[in-house]
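Visitor: Could you slot chain B onto chain A? The hints should help.
What follows is each chain in one-letter form.
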Amino acid sequence: MNEEKYIVPTATFQERPEDYELKILVPGVGKAEAELHIEGRTLTLKTHAKYQNPAGFKQVASEFERANYAMSVDLPEMADTAALSAKLENGVLTVTVKKRVEKQAKKIEIA
Amino acid sequence: MNTLMNINPWSILNDLLDANSRAFRNMRARAAGRFPPVNVYLDDDAIIVDVELPGKTAKDVELSLEPQAVSIADRPAETTDAETGKAAETQPAWSRRLELPFRVDADKVNAKFANGILRIELPRAEKTGVRRIAIEG
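If you're matching them up, the sequences are chains A and B in order. Note that the first sequence covers residues 1 to 111 in our numbering. Note that the second sequence covers residues 1001 to 1137 in our numbering.
It cannot be assumed that every hint is accurate.
Under the rule of at most 30 angstroms between Cα atoms (straight-line distance), these lysine-lysine pairs were calculated in the DSS-like manner [said to hold, decoys possible]: (1) K23/A to K1112/B; (2) K1059/B to K31/A; (3) K1112/B to K58/A; (4) K50/A to K1108/B; (5) K58/A to K1108/B; (6) K23/A to K1059/B; (7) K1112/B to K1059/B; (8) K58/A to K5/A; (9) K1112/B to K31/A; (10) K87/A to K1059/B; (11) K98/A to K87/A; (12) K50/A to K23/A; (13) K1108/B to K1059/B; (14) K1112/B to K5/A; (15) K31/A to K99/A; (16) K5/A to K31/A; (17) K1059/B to K50/A; (18) K1112/B to K46/A; (19) K1059/B to K1086/B; (20) K87/A to K46/A; (21) K98/A to K46/A; (22) K98/A to K23/A; (23) K5/A to K23/A; (24) K46/A to K5/A; (25) K98/A to K31/A; (26) K23/A to K99/A; (27) K1112/B to K50/A; (28) K1127/B to K1108/B; (29) K5/A to K50/A; (30) K99/A to K46/A; (31) K1127/B to K58/A; (32) K5/A to K87/A; (33) K50/A to K87/A; (34) K1112/B to K1127/B; (35) K87/A to K1112/B; (36) K50/A to K31/A.
So these bits of chain B aren't anywhere near chain A, every CB distance computed over 10 angstroms [what the hints assert, rightly or not]: (37) S1064; (38) Q1068; (39) D1074; (40) E1078.
No wet-lab data here; the hints were simulated from the structure. These figures come from a predicted structure and were not determined experimentally. The beta carbon of each residue, even a glycine, is placed where N, CA and C say it ideally should be.
Just chain B, same shape as in the assembly:
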């Protein structure tokens, strides 16, 4: 087969869409209400993540922390299996994991709801391991 035939005329369009795919995906997911939108603020020593969750309170949201990422998920209502009477396994309706540009100090992370907006403050962990030594003389 002629090699030219292998060129997909749609590839250019696909590439274009790909370049924006993340943006499109985010917009689509938002439109479908699949996960809540966030605003992120950054300075040298901390990251602030605001999550828009109108009508929600602390008991509706689960927050988990990795050294360099934070995950937010809804906490499904506890339901019991009608047959076994045991707590039914429920999947969160949505979850979001945000990668962070630096390691955070897990002990100093602070999260607070105010008027339907969850603010998570993530202070940067102290730099360890590398110490600069002044050379004398």
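Isolated chain A (complex conformation):
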């Protein structure tokens, strides 16, 4: 695997009543090989899997790329970045972010 090269993974973002769910497809990447960072509202993913073609084999078909993934996404303002959880299973990284609970009703000034 070319360590310098990153590809942007396929991802879906879904809003649910109480949270947001971000699903990122990172086939070939294990839990220990993915890094997730949050800075402000920007969530960044970078993977560092070390894939090598089977030794002594010649590649005769190449329909998908074995590269590392990198992407960043700005979470909505309603997202509570402190209540963020992530799990990586079978090459799919699922990030769940709770929505901020607005306890106080907003007062609107009438001009």
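Guide: Relative to the frame of chain A, chain B by itself:
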């Protein structure tokens, strides 16, 4: 009718498209998500097929083997017919058959999922039938 009239001006373009049709078809099918992409590795004694299936596990995929081909298909969820209560007949959403360059030893085929990539290892079958005999003298 003049024979020249039978020449389709588009035939050249068609031929061009035909030459690449397989590539186009594969790309289109992939774009539509109709079947998963594969990487294939080959050496003298074995073939390794990697299938990209993020989110899938062994129970979601069906693998079948012919002497010189391997088929991969998704395993549709078991559903029961509402009226009869019997298991409904379901078609796999996709299937792919890969022809292999040599016969494989079905007993030694090994398939394993790792992080959403299915790796199928297909060792070449021992050559049978033909035996070279050294000529003495």
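Visitor: Given the hint that K1112/B pairs with K58/A, test it: the Cα-Cα distance must not exceed 30 angstroms.
Guide: Holds, because 20 angstroms separates the two Cα atoms, which is no more than 30 angstroms.
Visitor: Within a Cα-Cα threshold of 30 angstroms, do K58/A and K1108/B meet the stated pairing?
Guide: Status holds; Cα separation ~21 angstroms.
Visitor: Determine whether the non-interface label on D1074/B survives the test: each CB of chain A must be over 10 angstroms from its CB.
Guide: holds (14 angstroms)
Visitor: Is K1059/B close enough to K31/A, meaning Cα to Cα at most 30 angstroms?
Guide: Distance ~21 angstroms between K1059/B and K31/A Cα, so the pair holds.
Visitor: Would the hint linking K50/A and K1108/B be met if the CA-CA limit is 30 angstroms?
Guide: This hinted pair holds, its Cα atoms lying about 27 angstroms apart.
Visitor: Checking one constraint from the list: CA of K1112/B to CA of K31/A, max 30 angstroms. Satisfied?
Guide: holds (18 angstroms)
Visitor: Can you confirm whether the C-alpha distance between K1112/B and K46/A stays at or below 30 angstroms?
Guide: holds (25 angstroms)
Visitor: Measure nothing beyond the straight line between the CA atoms of K1112/B and K50/A; if it is 30 angstroms or shorter, mark the hint as holding.
Guide: At roughly 18 angstroms apart (the allowed maximum being 30 angstroms), K50/A and K1112/B satisfy the hint.
Visitor: Need the status of pair K98/A, K87/A: alpha-carbon distance at most 30 angstroms?
Guide: holds (15 angstroms)
Visitor: Run the distance test for K23/A versus K99/A: straight-line Cα separation, threshold 30 angstroms.
Guide: holds (17 angstroms)
Visitor: Is Q1068/B truly not at the interface, in the sense that its beta carbon sits beyond 10 angstroms from all beta carbons of chain A?
Guide: Holds, because the least Cβ-Cβ distance between Q1068/B and chain A comes to about 15 angstroms, which exceeds 10 angstroms.
Visitor: Holds or violated: K23/A and K1059/B, Cα atoms, limit 30 angstroms.
Guide: Holds: K23/A and K1059/B sit about 21 angstroms apart, inside 30 angstroms.
Against the hints set out earlier in the document, no violation occurs for any number.
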